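Trainee: Starting from the given sequences, assemble the full structure and let the hints guide the process.
In order, the protein sequence lines correspond to chains A and B.
If you're matching positions, the first sequence starts at 10 in the working numbering and goes up one per residue.
If you're matching positions, the second sequence starts at 319 in the working numbering and goes up one per residue.
Hints were generated in silico from the structure; no laboratory data involved.
It should be emphasised that the depicted structure is a prediction, and the values quoted were computed from it without experimental measurement.
Wrong hints could be hidden among the right ones.
Some chain A residues well away from chain B (every beta-carbon gap over 12 Å; in silico) [as the list claims (entries may be wrong)]:
| id | residue |
| --- | --- |
| 1 | T41 |
| 2 | T59 |
| 3 | K240 |
| 4 | V245 |
| 5 | G266 |
| 6 | E272 |
| 7 | L320 |
| 8 | E358 |
| 9 | A382 |
| 10 | A413 |
| 11 | Q491 |
So, partial list: chain B residues that the calculated Cβ filter (under 7 Å) puts toward chain A [stated by the list, open to error]:
| id | residue |
| --- | --- |
| 12 | C399 |
| 13 | Y419 |
| 14 | Y517 |
| 15 | G518 |
| 16 | L519 |
| 17 | S524 |
| 18 | S525 |
| 19 | D553 |
| 20 | S554 |
| 21 | R638 |
| 22 | V642 |
| 23 | L680 |
| 24 | S681 |
| 25 | A682 |
C-beta: ideal position from N, C-alpha, C; glycine also.
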Amino acid sequence: MSNATSAPTNAAALPEGWEMVVGLEVHVELDTATKLFSGSPNRFGDDPNTHIDPVTLGLPGALPVLNRKAVELAIRLGLALNCTVQSCTFHRKNYFYPDLPKAYQISQYDQPLNVDGFLMLPGDVRIGVERAHLEEDTGKSTHFGGSSGRIHGSDYSLVDFNRAGVPLVEIVSRPDIRTSDQARQYVNELRSILVAIGASDAKMEEGSMRVDVNVSVRRPGEPFGTRCEIKNVNSVRAVGRAIDYEARRQIQEIESGGTIRQETRHWDDAEGRTHTLRAKEDADDYRYFLEPDLVLLDPDREWVESIRTSLPVLPAARRAALAALVGIDKESEAAYVLVERGQDDYVAEVVRAGGEAGRAVVYVQQAFAEEGAKPRVPAADISALTVLERDGKVTATQAKTILAEIVLNGGGDAATIAKDKGFEALDTSAVESMVDAAIAAQPDAWAKYCNGEEKAMGALVGAVMKTSQGKADGKVVTAILQARRSK
Amino acid sequence: MSFPTVAQLARDIREGKVTASAVLEEHLKRVDERESEIHAFNLVTAENARAAAVEVDRAVQAGKPLGPLAGVPIALKDNMCTRGIETTCSSKILEGWKPPYDATVVTKLREAGAVIVGKTNLDEFAMGSSTENSAFGPTRNPLDTSRVPGGSSGGSAAAVAAGFAAASLGSDTGGSIRQPAALCGLVGVKPTYGVVSRYGLVAFASSLDQIGPFTHTVEDAALVMESIAGHDPMDSTSLSQPAPSLLSVLDQGVQGMRIGRVVDMPEGSEPDVLERLDAAFAALKERGAAIVDVKLPSLQFGLTAYYLVAPAEASSNLARYDGVRYGMRVDAPDLNAMYAATRSQGFGAEVKRRIMLGTYALSAGYYDAYYGKALKVRRLIADDFAKAYQSCDVVLTPTSPSVAFPFGDKTADPLAMYLCDVFTIPTNLAGHAAMSVPFGTGAHSLPVGVQVLAPALGEATMFRVAAELERAR
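Mentor: Below, the structure is given as structure tokens:
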């Protein structure tokens, strides 16, 4: 807050009378065995320059041959995003940089593979997907010496071409996003879809998913403002922070009489601010033209339909199904978490085994974070535990202990564990006498409670719990106390 | 001077009348005698060739099956990648570069048993029509060493014309095989785009480049074509067809065929050249073909369209020579200065001219007026040809407007040099097939070539006509 340029970084609402307009360009590495145009392995994390060949290095005379699997995965994504899959072409995007071996990137330009789709966010917010096209990744430069970590001012640079030619899909949203929350939801939902359809592991931290953000601001109802593109946004959290910062910066600029120039800005996550990378007039002229080394890509209808048929149920539909089954909101955290982990089927299995749905959701959400889509614990064991708790045979606290033991051992009979631990829930008459004893022992607390001080109940409940060694059900104790008071 | 043909050598070696080694030594002897004068080669690979010839001789002795070109000495234009052997494109920027892989045509030649004798000189990156644009000095025409051999595949043409190799491969982007073939008295073939793999051919203009042979005879050209053509999964623009069968059609004659004569042909040809073209029509008519007049009105725009399309693609294809990964690097204080210094010193004047032309033609604000319009002309030319081929089977034109010209004749005037390719360029723009066949001589008793143009995949028809012209010569 030291000066006017450091805009607030929390995600509070924008100043009154302003609206942000956001569009996202997301690059995703496709999970193919080999590269987009050559047979070299597509693998992350190996020694530099071990997955190279004449095509990857752009050696004179080498020619690209399109990877059918990459096309298939891109079509899968297009269909999952409700796009139209069309016949398409490849173009060359020409610019010089040491990690771009041919000095052009093979990408798609005016005829992309997937167009006109959409993605749904909570609250039935529909974000348009303008296009999702195929292109090749560049190599990775590392600059040594100098202070900025950038090429200018460095002593020397090294390039790793393992990443060069890795298949990417660039997903371009329409400028339909209006809050940073929506932007984060969009990225998360896109990531869930990518993982669900097996197109990518979509890890922002490993760079297999990269997000560029376009932000402009306007007064609602007015035409779009001038936008700035923000690069180096390397986490979902940073997406939200960068958008909020940038929208505020633009509003401050305009309100103080300035104008926004179209430019590319760099997000500095440590400083929590963006700064100018290059102005539009300095942007490269990429001299796009049709890639003469490739031919028209015209996916035949039968192939596209067979890909459509092979698509799994998508996360949104799975959340809805789970929500309907267990009676929760499809936009609740539990629905997202369980589907994200792929444990919705497991919860359904617990319910089918006779388990109590609400408890099943809570147990799995809380205790199965380390488990995958197929937890080791038999669904019947969880089912039995939910029934035990529902029937008041064990308390919620006891159930939690039993659950931990079941998870630790990869299964177990809840009733047996309860018995071994002496977790027999007391019958109500026994609890009633303990409550009466507690009232007698703490008349002050009882008086306060009767006078409406709800907090005073804690001491009484605590005493019963102590006497019963935790075997009394807290809910039952509370109910008895309330009944006694209202007499 | 006449040299043994590919067909004859292959037959003699197969039948054990002569060894591949002896054949090779005869060719290397001629190299020793004349190469210092001709400069056909950037590199003579004598030792590799001797080893390959010995292999062939062993196979003959052992009675093993032999490829159709077994023991035949063949030269390669120095823009085709040869594993471990320098491939320079006659450019300083690639001097010393040894590819880690063989071009598909090189693999196919080796499989056919050919003995590769060396890498031939060319106009730098195949840009030129006289081989005067080589960074390593020009090639001389073996028929008159005061004159150019044509270009850009001048070294490949000269190597065959001088008897250094029985055949050679060139690349043809706008006439770079056919024009030097005409100027050196050889048969030269530009196959249909996609018939011969471009994998390993250093790209000049990817949508136009095509590899083809130089030979003394039409039969030899058919032999080499059958060995190098066919689908290649490494080249996405390679056609799915197998190699065409050409040897089998050579004796079929032209009875009943329709030969197109272009009535609105671009002007500027030497009278002797036009006289030989007329003689060719007369000969074919006499042998049973009908001569039909066809119009190709967009032909006159071919040159202009070509000099936008080809440089545009070249500006992109040659951008990779940046000093970062291979070839020449001129050190400089920062990256952009290194790029500029390397490319300024590494490329010759003609290459730089075309890179600048092409960059301009693709630039924002100019694309539609230049590159975009050129693509439209390209389609018009294809349409014109399609219309013409409704009434004829092949079209005959001169290959080159002139016979071989003296050194320095056109170097000061790029446009005059570009006009050398006025008859050959439209074929590349249309993606069709064409070949040049020697048909007598013109001024200074120098050879004149007649060009046979055929529609896409019309190689068989084209070779029938070429064979008949050869017999009528």
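Trainee: Each of the hints needs a verdict: does it hold here or not?
Mentor: We went through each hint and held it up to the structure:
1. T41: Label holds. Min Cβ-Cβ 17 Å, cutoff 12 Å.
2. T59: Per Cβ check, T59 (chain A) is outside 12 Å of chain B; nearest 15 Å; holds.
3. K240: holds, 19 Å
4. V245: holds, 34 Å
5. G266: Answer for G266 (chain A): holds, closest chain B Cβ roughly 32 Å.
6. E272: holds, 18 Å
7. L320: Fine: 28 Å to the nearest Cβ keeps L320 (chain A) off the interface.
8. E358: Holds, since 47 Å exceeds 12 Å.
9. A382: Check passes; 38 Å lies beyond 12 Å.
10. A413: holds, 57 Å
11. Q491: At roughly 77 Å from the nearest Cβ of chain B, Q491 (chain A) sits farther out than 12 Å, so the non-interface label holds.
12. C399: Status holds, d = 5 Å.
13. Y419: OK, holds: Y419 (chain B) within 7 Å of chain A, min 5 Å.
14. Y517: Holds. Min distance 5 Å.
15. G518: holds, 4 Å
16. L519: OK, holds: L519 (chain B) within 7 Å of chain A, min 6 Å.
17. S524: With a closest approach of 4 Å, the S524 (chain B) hint holds.
18. S525: At about 4 Å, which falls below the 7 Å cut-off, the nearest Cβ of chain A leaves the hint on S525 (chain B) intact, so it holds.
19. D553: holds, 5 Å
20. S554: holds, 5 Å
21. R638: Since the shortest Cβ distance to chain A is 5 Å, the answer is holds.
22. V642: holds, 5 Å
23. L680: Check passed: Cβ of L680 (chain B) comes within 4 Å of chain A, closer than 7 Å.
24. S681: holds, 6 Å
25. A682: Since chain A brings a Cβ to about 5 Å from A682 (chain B), closer than 7 Å, the hint holds.
Going through the hint list in order, the structure satisfies each hint without exception.
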